[in-house]
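Visitor: Order-wise, the sequence lines are chains C and B. Numbering of the first sequence is given in the working numbering, commencing with residue 1 and proceeding in unit increments. Numbering of the second sequence is given in the working numbering, commencing with residue 1 and proceeding in unit increments.
In case anyone wonders, no lab produced these hints; they're calculated from the structure. Wrong hints could be hidden among the right ones.
Claimed, not checked - Label-pair restraints from in silico Cβ distances:
| no. | chain 1 | residue 1 | chain 2 | residue 2 | range |
| --- | --- | --- | --- | --- | --- |
| 1 | C | 26 | B | 124 | 36 to 42 Å |
| 2 | B | 163 | C | 25 | 26 to 32 Å |
| 3 | B | 161 | C | 52 | 42 to 48 Å |
Claimed, not checked - Sample of chain B residues facing chain C (criterion: CB under 8 Å; computed from the structure):
| no. | residue |
| --- | --- |
| 4 | 56 |
| 5 | 204 |
| 6 | 205 |
| 7 | 206 |
Cβ coordinates follow ideal geometry from the N, Cα and C atoms, glycine included.
What follows is the residue order along each chain.
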Amino acid sequence: MIAKLILRDKVYEVKAGMSLLSALRKIDVLPESVIAVRDGEMITDDEILRPGDEVKLVAVISGG
Amino acid sequence: MRQHKLALCAEHYLDWIPEQTERFIKKYAMFDRDEKILVAVSGGKDSLSLWDILVRLGYRADGLYLALGIDAGIGYSRESRRLTEKFAVERNLTLHVADIEATYGKSIPALAEISRRGQGRPCSVCGLVKRHEMNRIARDLGYDVLATGHNLDDEAAVLFANTLAWSEEYLLRQGPVLLGSDGLARKVKPLCRFYEREMTAYAIARGIEYIYEECPFADGSQSIFYKETLNRLETARPGAKLTFYLNFLEARRSGNLFIDRNTAQIQLHPCPNCGQATSAPGLCSFCRMIEKTKNSP
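Please put together the full structure from these sequences, using the hints given.
Guide: Written out as structure tokens, the structure reads:
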């Protein structure tokens, strides 16, 4: 019963049933620094992750 | 959007962003509908989104892409140029392309290495060249205003850096509009009140194909470190970045910032070579760098 969060070339596995915000905290990714996309749709921080979900985390920071 | 206490569906979000942009353009008197706008586009999410928004709002906006010659083994400049040209072609927009190496004989990394500016990083030279060339081309091609895709996170990071260093002159010059003067085109930042996250959401929702890979030289840069620092603050205190920036603008506008000075007292001088305004008499930083690198292989 896991969900996957994918950020660039890293894959994180978290327990399904938790909110996206809790999952981001668990894997130590700042919510402000990513946009989460599931099945081509953006999802909000309070969305509950379902078993088998693959959520792509799009990094938002750019600059140099 | 916790800082606005607002939640929108994708459809309304795609309307809300241009509506707010129009509001900021008017609030800060950036430009009007008769003026010709040159949008500096890099192939990234912010600049392409800005161009998209201005065109949707009905402004006369053309694009300018600077080919910087950054490869770093991943063909970074080549890919960003491809995406920018694709964006313009698909929407039937006018795009000007300026190639730095073709104009000055050297790419950005080569200029940085020879001039020894930036302590091993080309970012300082890159910024200098971009500012100079964007200004030159905007003037040469007769545009009224130069628009860049700086977002709130960009502005807050610069403000943070300049506040840490108490860089008075930079603080006094930072704002949504940098007025034009002899040798300097008017510069505007219509996205300066949108979070970087909001602009990413806009680009995704609009289906804008942008370069996702970071500039290979940006890794570990000061601006990214400051952005991450401010994002930690934002996570704990939603709205902190926006408040930091807006309160600064208000202090600057009301004259409460450095009360014994004002922006009018900052003297700029024309560079004797290129004519652009510079803070000290004599050649500007750009012309000094080009002069220094001229006789190198």
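Visitor: None of the hints should be skipped; say for each whether it holds.
Guide: Status of each hint after checking the structure:
1. 26/C with 124/B: 36 to 42 Å: Holds - the Cβ-Cβ distance for residue 26/C and residue 124/B, about 38 Å, lies within 36 to 42 Å.
2. 163/B with 25/C: 26 to 32 Å: holds, 29 Å
3. 161/B with 52/C: 42 to 48 Å: Roughly 44 Å apart at Cβ, these two residues keep to the hinted range, so it holds.
4. 56: violated, 20 Å
5. 204: holds, 6 Å
6. 205: holds, 7 Å
7. 206: Violated, about 12 Å.
Checked against the numbered hints listed earlier, the structure breaks hints 4 and 7; every other hint is satisfied.
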